[in-house]
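S.K.: One-letter residues, chain by chain:
2 protein chains.
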Amino acid sequence: DKTDRQGLRLGLLVLLCCLALCPAPVQGDKVLVMPVDGSHWLSMKLLVKELAARGHEIVVLVPNTSILIQGSDYYRTETFRVPYSKAQLDENVNKLKDAAFLKAPDVMDIFVNVQHLVHFTTMQVKGCEGLLYDEPLIQRLRGEIFQLMLTDPFLPCGSILADSFNIPAVYFSRGIPCGLDEKAAQCPTPPSYVPRLFSGNTDHMDFLGRVKNMLMYSLESYLCTVMFASFDELTSRYLEKDMTYRELLGHGAIWLLRYDYSFEYPKPRMPNMVNIGGINCGKRAPLPAEFVGESGEDGFVVFTLGSMISQMPEEKAKQFFDAFSRIPQRVVWRYTGVVPENAPDNIRLMKWLPQNDLLGHPKVKAFITHGGTHGIYEGICNSVPMVMLPLFGDQGDNVHRMAVRGVGEVLNLFDVTSDKLVEALNKVINDKSYKEKMLKLSAVHKDRPIEPLDLAVFWAEFVMRHGGAEHLRPAAHDLNWIQYHSLDVFTLLLIIVLIVVMVTIKCCKVCFRKCCGTKRTMKKKKSE
Amino acid sequence: DKTDRQGLRLGLLVLLCCLALCPAPVQGDKVLVMPVDGSHWLSMKLLVKELAARGHEIVVLVPNTSILIQGSDYYRTETFRVPYSKAQLDENVNKLKDAAFLKAPDVMDIFVNVQHLVHFTTMQVKGCEGLLYDEPLIQRLRGEIFQLMLTDPFLPCGSILADSFNIPAVYFSRGIPCGLDEKAAQCPTPPSYVPRLFSGNTDHMDFLGRVKNMLMYSLESYLCTVMFASFDELTSRYLEKDMTYRELLGHGAIWLLRYDYSFEYPKPRMPNMVNIGGINCGKRAPLPAEFVGESGEDGFVVFTLGSMISQMPEEKAKQFFDAFSRIPQRVVWRYTGVVPENAPDNIRLMKWLPQNDLLGHPKVKAFITHGGTHGIYEGICNSVPMVMLPLFGDQGDNVHRMAVRGVGEVLNLFDVTSDKLVEALNKVINDKSYKEKMLKLSAVHKDRPIEPLDLAVFWAEFVMRHGGAEHLRPAAHDLNWIQYHSLDVFTLLLIIVLIVVMVTIKCCKVCFRKCCGTKRTMKKKKSE
Chain C
1 DKTDRQGLRL GLLVLLCCLA LCPAPVQGDK VLVMPVDGSH WLSMKLLVKE LAARGHEIVV
61 LVPNTSILIQ GSDYYRTETF RVPYSKAQLD ENVNKLKDAA FLKAPDVMDI FVNVQHLVHF
121 TTMQVKGCEG LLYDEPLIQR LRGEIFQLML TDPFLPCGSI LADSFNIPAV YFSRGIPCGL
181 DEKAAQCPTP PSYVPRLFSG NTDHMDFLGR VKNMLMYSLE SYLCTVMFAS FDELTSRYLE
241 KDMTYRELLG HGAIWLLRYD YSFEYPKPRM PNMVNIGGIN CGKRAPLPAE FVGESGEDGF
301 VVFTLGSMIS QMPEEKAKQF FDAFSRIPQR VVWRYTGVVP ENAPDNIRLM KWLPQNDLLG
361 HPKVKAFITH GGTHGIYEGI CNSVPMVMLP LFGDQGDNVH RMAVRGVGEV LNLFDVTSDK
421 LVEALNKVIN DKSYKEKMLK LSAVHKDRPI EPLDLAVFWA EFVMRHGGAE HLRPAAHDLN
481 WIQYHSLDVF TLLLIIVLIV VMVTIKCCKV CFRKCCGTKR TMKKKKSE
Chain S
1 DKTDRQGLRL GLLVLLCCLA LCPAPVQGDK VLVMPVDGSH WLSMKLLVKE LAARGHEIVV
61 LVPNTSILIQ GSDYYRTETF RVPYSKAQLD ENVNKLKDAA FLKAPDVMDI FVNVQHLVHF
121 TTMQVKGCEG LLYDEPLIQR LRGEIFQLML TDPFLPCGSI LADSFNIPAV YFSRGIPCGL
181 DEKAAQCPTP PSYVPRLFSG NTDHMDFLGR VKNMLMYSLE SYLCTVMFAS FDELTSRYLE
241 KDMTYRELLG HGAIWLLRYD YSFEYPKPRM PNMVNIGGIN CGKRAPLPAE FVGESGEDGF
301 VVFTLGSMIS QMPEEKAKQF FDAFSRIPQR VVWRYTGVVP ENAPDNIRLM KWLPQNDLLG
361 HPKVKAFITH GGTHGIYEGI CNSVPMVMLP LFGDQGDNVH RMAVRGVGEV LNLFDVTSDK
421 LVEALNKVIN DKSYKEKMLK LSAVHKDRPI EPLDLAVFWA EFVMRHGGAE HLRPAAHDLN
481 WIQYHSLDVF TLLLIIVLIV VMVTIKCCKV CFRKCCGTKR TMKKKKSE
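These protein sequence lines map, in sequence, to chains C and S.
FYI, the numbering for the first sequence is 1 to 528, going by full-length UniProt numbering.
FYI, the numbering for the second sequence is 1 to 528, going by full-length UniProt numbering.
Just so you know, nobody snuck in bad clues.
The list treats identical chains as interchangeable, and a pair is accepted whether it falls inside one copy or across any two copies.
Pairs of lysine to aspartate or glutamate, EDC-like flavour, derived with a Cα cap of 20 Å: (1) K86 with D98; (2) K212 with D478; (3) K437 with E470; (4) K446 with D357; (5) K318 with D415; (6) K49 with E78; (7) K316 with D345; (8) K446 with E470.
Since the hints were made in silico from the structure, they are not lab data.
Because the structure is a prediction, the values reported are computed rather than measured.
Throw the hints in and build the complete structure from the sequences for me.
M.R.: What follows is the structure, encoded as structure tokens:
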């Protein structure tokens, strides 16, 4: 009896110690979430769900016309009206897609990309205005008192609201076009070894590569002013202060970046940048055995072009059907387009793929992907060699990085043929070096002190606990461009050096003249 | 019976899953450790012990004349001969100490500091040679095949051996003078907001502050060439290749830096820099009640000038004894010098303090410290306001950072009096703002996703598991200074612009001349 009581007491003591030592989960805090539609939302949703599961009250702002953002038991939604229809949204996406299928890729793609992006963001900024100027909704939200704004900085709505509501912002992002994220966070990115998007460079560049990179860097800076003009305008109009979107972003507390060095090149980071690359391939659900489980020794291939595209021109699709009829593997393909009559038996067409679950299956042999970051991280995390067909945006750069590491082959959708497909598939499946390199990359990627989702949760809650992360904010934010680069200091030092040199020369001259003068006078005197 | 068996099977399954999912501790790997004597060793020892506890075989290289490095059950030691005696070592330390007590601090201290440092490192480099050219020992070590060199880059021995043995190096450091660590890691440190040592600046500088910082930056660059000349020479001589110490350091896999933003200013970091600031104040041992436990409501003060100094000139000591007799707090003081006859009762003199345990006691009211990083981190981690009396090296900068944050007061040992001491102590104890600010700082410091020691262990083992951390190595290492700053690219672009401008002007001239020429000819013709 006595031992029992002692045991009980000891147990209670241990429990108390645990309670005292473990950081208590912040409960009852309110988080406002402003997502970006499309694949961006898919990984952000993971964090939102986890925060909800930890007892935070979550409100997600959803446009009444949306592609992937939906309600859930985990969070409350607040819907706002946007001045565009689902058809207009789809048209936008189709334009992007068609460009990839129907046009050979060339150098000018950067302009086409920017044009598409401007078109897309202009539409979204209009949607954003729909939210910001919805007075009743904004008043209601303002009254709720949130502790945190979790937002995707790809669009300006979230950070504008955070500033207006005076709550700290945590960004969830893979990066913003033109490196605006790095500029806003005051993160140096030397163009001598940090390859710019669309430059076709890796981090190791020869002289011409570096010239190209520098030109791309300058071009980007120009394009950025075009691309973010509407963001800047909305920011200063709504907040009624003279502020660019970049400056506004600089006030964010933490950047949760879907970034990892198994995929990205090493470069400088800032203290408030947190790498959570691979957050989307945490847990896998078991798959029903049948089709993939019974795929025999040859295994199977997973094929998807991402969340936004499940169709392609009929002629193009035929090349794929033909190629798949010539390989021994089975194929699971996300496809809702026209199916030819003689479609081979080894293909299973699906409207939506459990991509990560499939890639985690032991019999998967290859992954045919458009090279979106989600797919790439899932490929790395499950060590699956890839055949990559980039569509638009950053995908060209993504697949280039993977190809350089020897874990996949790149084709392009414009001129892809069944022959090319079969060759690439056979290569990544049968040449063991692809799998071996992928296994190494995967090992490095997954060997981390803390899981990306836990890290993201930690920093979101940190910001709630401390009302921001002021101690991680670099003083560089208080300097202008000239001051940051010390150009004013150099100018002063240069002037001082010049003055010293001039005074010295003057003195020397005077001395010389006096000296010679004296000599001459002496000579004169002598000659007298 | 059946349920039992099912339960057992389930249990086994869970166990297997756990084993498969949890990263297995790397066991049986061999780690070679090259420490730096003095306080540097105190925190490195924590990591060494933890690695030993996790099953790694550790060999620590120990000079036969050492201050703090000793044998232990945790690790094997290999002793090497150094060409200096304990007395010579002590003399070195005393010189540093005497300068602080007997000389008013002034601008030229940087030169004195550098001189002392050069003196100290020259001695240590000689010791290093004692190790490197001890052929039998080196041969024996080479034969053992280590997976990792854990070294303090403050001295070159460890990294030279790592290169010679062809094993990856992990650095354990608080930073190297002149920012050589950052230079070696290719980490940008814009002098416009990253204050240089001895500049007296914070991260927020006005124009003159930035001018001073830039001058200090240039001065440092010069002093570095002096300070590390012997390192460079030894590196290229021993490794028989043309290599500076900075280049050699650039090959390290991971930098474990005793760095934390509760203490340091936010600035850019590189992917292979891991912050483990505060690693030294992990666990506290309970204290015997008596002296400090019975200190009543007034509590007590902890006073130590660090591991290297336990004495001071008698006159100086008198000021302290006098001051302590005038405060209601008890004082625990690490002091082995002369004790005056009328020494007050509230002082407990000790040869060695359990500093962190004392600072963690609920009754501690203030910490009198020389401002070494260990003490500062223990002060922050235990939220104890500080009275700081810097001695030498980085300590002046350390205490400045704390004073700026409003968590302590700075005095200097040269002109300290009992009045000044009493005033400072009363201020930090009775003015609640010091404690409040310290509590906030401490909260931010201790709120981290993973403990510094665990993080250090993780990265040391990561390097062992993967034979390095190649994926974190920036491509900047392959560029020279001109290439890194894109000066060659700028030159080419400038030349192109100049040529275009000149050709345009030439063309315009030719056109103009032709045009006018024609007109003139026409006029001529007309007039004919």
